[in-house]
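Below, each chain spelled out in residue letters.
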Amino acid sequence: MGRLNFSLVLGIFLSVALISTGAAQTDKTPRGGTLKMIYQEPTHLNMAIVSGTPTGVPGLQIFAGLVQFDEQFQPRPYLAKKWEISPDGKTYTFHLEEGATFHDGKPITSEDVAFSLETVKANHPFGVAMFRAIEKVDTSKPHTVVFRLQHPYPAFMAATHPLLLPIIPKHIYGGPEIRKNPANQKPVGSGPFKFVEWKRGQHIILERNDKFFRKGKPYLDRIILEFIPDSNARTVAIETGATHLIPFSYIPGDDALRLAKLPQFGMTQKGYEAIGARTWFAINLRKPPLNDKRVRKAIAHVLDREFLAKEIFLGFGKAATAPFHHAGPFYHGQLPQYDFNVNKANQLLDEAGFKRKTDGTRFSLNIDWIPNPVYQSVCEYTREQLKKVGINAVLRASPDFPGWASKISAWDFDLNFDSVFDYPDPVIGIERMYISKNIKNLIWTNTMGYNNPEVDRLFAEAQVEQNFAKRKSLYHKGQEILMDELPLIWVQEGGFFTIHNKEFDGIPMDVWGVLNPLDTVYWRKGKTG
Amino acid sequence: MYSGSFGRYILQRFLQAIPVVIGVVILNFTLLHLAPGDPAMVFVGESGGATEEILKAVRKDFGLDQSLAEQLWIYGKKVLTGDLGFSYFQGKPVLELILEKIPATVLLILTAIFLAVTFGVLTGVIVAQHPTSLGSSLITILSLFGFAMPVFWLGIMLILAFSLYVPIFPGHGIMTVGLGGGLWEIAKDILHHLVLPACTLAIIYIAQYSRLSRASMLEVIGSDYVRTARAKGLSERVVIYKHALRNAILPILTVFGIQIGHLLAGAVLVETVFTWPGMGRLMFDGILRRDYPLIMGVLIFSSVLVIVANLFTDLLYGVLDPRIRRR
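Going line by line, the protein sequences match chains A and B.
Heads up: the first sequence begins at 1 in our numbering, then just goes up one per residue.
Heads up: the second sequence begins at 1001 in our numbering, then just goes up one per residue.
Chain A on its own, in the form it takes in the complex (with noise of 0.2 Å):
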């Protein structure tokens, strides 16, 4: 008995000695070194009244936030290092790391949660969408905050994603006017890299969270965000080494496929299936002949969707088949296309009533797009296109985003091609183009003036219906009715690259890619051991 004790204790003593020695010295990964990143300047760095990816690369690193999401678009701890959810799908219960400190040295508990939650809520551009159901937030506990929401809602969990709900410190964000704090400028959070300068027109410095709460990232000593407006500029930083990683496609297609093929950069599309982003032709559906499906079709019908993936967009991303992201958990595979098919196009224009003119036109729209070089091709692709069924458009370029938005947003155009992400929850990114209710006088709604109370049940339904293979049902519904009326015609989806140096690896391949932490990453000339 004695012996079989004595090697218990000793069992258990060498196992223990070997999981805390193990968890300093298993990861080899080398450490150190200087990340230099260029991507767009800011205009602040508060991601918790903003969604733009500006803020969002930056703030990653500076924000925690309660979960991650794997590759399959299913959560794993982050801040949160575990949580529950009732049955009901009503009280979502979430237990933060202990001992998790913001950059300050103050503690983050239940209450900075609430706290983020009621901000984001109250100026996010998605706030309501994303936590219009949320009763009450439970605080009692310091690292226990618990959810209460009014009803079933499935799309709360993706939106606990910190680009959507970072969690915020109170005490430094709690004043009365969040978009002037001065912190927005010299944030202070949690995440694995803490702010130190930021030189407008030039660069944010970012050094290492040594207090981190995950133990032993991140990797790199510092991160170095650079802001080189001239593209050929940010292409020879690349090449010559002066920069390691650039996402979101910050870099023009041609020369991201030449730099591809040399040893030392390393090119991927993954990374960006939960932004989901895709182009399409938005459709003023008020204005005749436009009201008139079978005109919209016939639109649809002379896109060669292949042939602008393949020429125009230079291979990046995929033509559109769906009304929702391919990537996404509720894309519909099985919906009929609108074929390349210029006779079905005249033919349905001639039952539409819309029969050539003795001078070979049948009527003239226009066509606008949120300003774009690449963007531009396509529209003048189109309006060749809609020449050879009789379509006289005209193009109108906006001189700049303020121009192109105040025509969209006053319902001014005909066709509008424009670039949207559809984030990772239909509730959170989707349903905004197509219900009634968001018939608005902005950019990014309904502006096509979509009306169809069958899609805005199914929408409404399938938001608090919790059995994924319902919801599903009910988004592949909408998306069939969707694909026969078009109120859109979706033309391309993805098409964002990330490229970087191969001196540098771990970069997140989840659904949120670079839009995560970048505590994974590490320099291979780093000190290991």
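Because the hints were derived from the structure by calculation, they are not lab data.
A hint or two may mislead.
As the list claims (entries may be wrong) - Below, computed lysine-lysine pairings styled on BS3-like, alpha-carbon distance capped at 27 Å: (1) LYS1092(B) - LYS186(A); (2) LYS1060(B) - LYS440(A); (3) LYS180(A) - LYS1060(B); (4) LYS270(A) - LYS525(A); (5) LYS527(A) - LYS502(A); (6) LYS170(A) - LYS1056(B); (7) LYS121(A) - LYS1060(B); (8) LYS186(A) - LYS1056(B); (9) LYS211(A) - LYS82(A); (10) LYS1188(B) - LYS199(A); (11) LYS1060(B) - LYS186(A); (12) LYS440(A) - LYS477(A); (13) LYS170(A) - LYS1060(B); (14) LYS211(A) - LYS525(A); (15) LYS472(A) - LYS293(A); (16) LYS1056(B) - LYS437(A); (17) LYS344(A) - LYS387(A); (18) LYS170(A) - LYS1092(B); (19) LYS1078(B) - LYS180(A); (20) LYS407(A) - LYS1056(B); (21) LYS388(A) - LYS310(A).
Got chain A sorted already, so can you dock chain B onto it with the hints?
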């Protein structure tokens, strides 16, 4: 110095500048606001969307909820007190931003002017002395080439040549980010970064000064007093550089005054291509984001700079030509 009091002359020139600055304010303010869309839309774009409530709050924060006349009146009053407003997107007073960026632009422009005037005038003088030589033809062709090249294209070509293919100069920024070391190390690093942008900006003007000084020198070299100087037995060097050039330089000086405005415009492009953190880049960022106070601030500052440069040029005339002093 001048026939009237020097102080009165300066005062008169400054009084003349007031309506110019007022005109710059009113014209630019109106033109900027007449363009469709407003900065609140930029905020929406950068935020990935907005609700009606957020958009309304942003317009109120920016003062865009008032009529154009009211906005102009408020802005005009602020400018009179020396307040150029608050940048919508950079979160700082505009004057502070300009003062932060002006040293980088001054360094770039002064270096470019120095290079342009030195090399431009020198080549112009050489060409004028031997107008039919092969070297003269070569310099004329190169001048034309320099004159015809768009500044942003030249910048990109220099980056490709000297940052990528023969990597001897950095292609972006004013200094290596996070560079440690002493003042000398920093100064060396800045000079290293300065070479390409300064040369880009200078090359265009070298061509202009070269053509101008050539024409001016050809005219002066043919005049009677130069013949007299030669007849007196003075060396060719003294004739050219002491007698001829002094008179030939007046038109160059005139162009120099006018070109300060052009140089500032050129700096916008060069600073953008080279990520040089000066006033030009500030202007570029302001335009991209419709940051009205920032654009207006830079425009006012630039116009004052041009007025001062022209005044300075006028005063230099007097220094170089005694006849003007006596007028």
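We went through each hint and held it up to the structure:
no.	hint	result
1	LYS1092(B) - LYS186(A)	13 Å, holds
2	LYS1060(B) - LYS440(A)	20 Å, holds
3	LYS180(A) - LYS1060(B)	13 Å, holds
4	LYS270(A) - LYS525(A)	25 Å, holds
5	LYS527(A) - LYS502(A)	17 Å, holds
6	LYS170(A) - LYS1056(B)	25 Å, holds
7	LYS121(A) - LYS1060(B)	20 Å, holds
8	LYS186(A) - LYS1056(B)	26 Å, holds
9	LYS211(A) - LYS82(A)	21 Å, holds
10	LYS1188(B) - LYS199(A)	20 Å, holds
11	LYS1060(B) - LYS186(A)	24 Å, holds
12	LYS440(A) - LYS477(A)	25 Å, holds
13	LYS170(A) - LYS1060(B)	25 Å, holds
14	LYS211(A) - LYS525(A)	24 Å, holds
15	LYS472(A) - LYS293(A)	26 Å, holds
16	LYS1056(B) - LYS437(A)	19 Å, holds
17	LYS344(A) - LYS387(A)	15 Å, holds
18	LYS170(A) - LYS1092(B)	24 Å, holds
19	LYS1078(B) - LYS180(A)	21 Å, holds
20	LYS407(A) - LYS1056(B)	18 Å, holds
21	LYS388(A) - LYS310(A)	21 Å, holds
This entry satisfies every hint, going by the numbered hints stated previously.
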